[in-house]
Amino acid sequence: MASIKENRGFRNLRLSRLVRMQAVVFLMLVPVASQAGSCLAPIRPFVPSDSQAARDYADIIRRDFEVYIADIQDYFRCLEQERARAFEEAREVSQDYGRFLELVGD
1 MASIKENRGF RNLRLSRLVR MQAVVFLMLV PVASQAGSCL APIRPFVPSD SQAARDYADI
61 IRRDFEVYIA DIQDYFRCLE QERARAFEEA REVSQDYGRF LELVGD
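With the UniProt record's numbering, the residue at position 66 of the sequence shown is 66, and numbering never jumps.
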């Protein structure tokens, strides 16, 4: 009886490790998948209307602008890549449609 429990425990341990490995692989791929399918525009930096608050937080606001400028450049590159990808896909679909029309005799 004890050996059955030990075997079950070993099997559960192996399954547990397998599930953890699968989770790690999945989590590593999620950021890639999310970047591949959509371009998200960055959020505009906030500038307080109060001049004192702007001076008090000048370093933070300046950094927010620098991050925004870098992020908007990445966004433009993403849009260009997506445009090129969609254009190529449309070209391929057009060719597929032409072959389809030849097959059906239209």
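Everything labelled a hint here was simulated from the structure, so no lab data went into it.
There's no promise every hint is true.
As the list claims (entries may be wrong) - Between beta-carbon pairs, the in silico distance windows are:
no., residue 1, residue 2, range
1, Tyr97, Ile60, 52 to 58 Å
2, Cys39, Arg63, 21 to 27 Å
3, Asp56, Ala84, 21 to 27 Å
4, Arg77, Phe100, 31 to 37 Å
If you're wondering where the values come from, they're calculated on a predicted model, not measured in any experiment.
Using N, Cα and C, we set each Cβ at its ideal position, and we do this for glycine too.
Assuming the hint says 21 to 27 Å, is it satisfied by the Cβ distance from Cys39 to Arg63 or not? About 23 Å separates the Cβ atoms of Cys39 and Arg63, which means 21 to 27 Å holds.
Is 21 to 27 Å right for how far apart the beta carbons of Asp56 and Ala84 are? 44 Å, violated
Given the range 52 to 58 Å, decide if the beta-carbon distance of Tyr97 to Ile60 lies inside it. Holds - the Cβ-Cβ distance for Tyr97 and Ile60, about 53 Å, lies within 52 to 58 Å.
State, for the Cβ atoms of Arg77 and Phe100, whether the hinted interval 31 to 37 Å holds or is violated. 34 Å, holds
Of the numbered hints stated above, the single one contradicted by the structure is hint 3.
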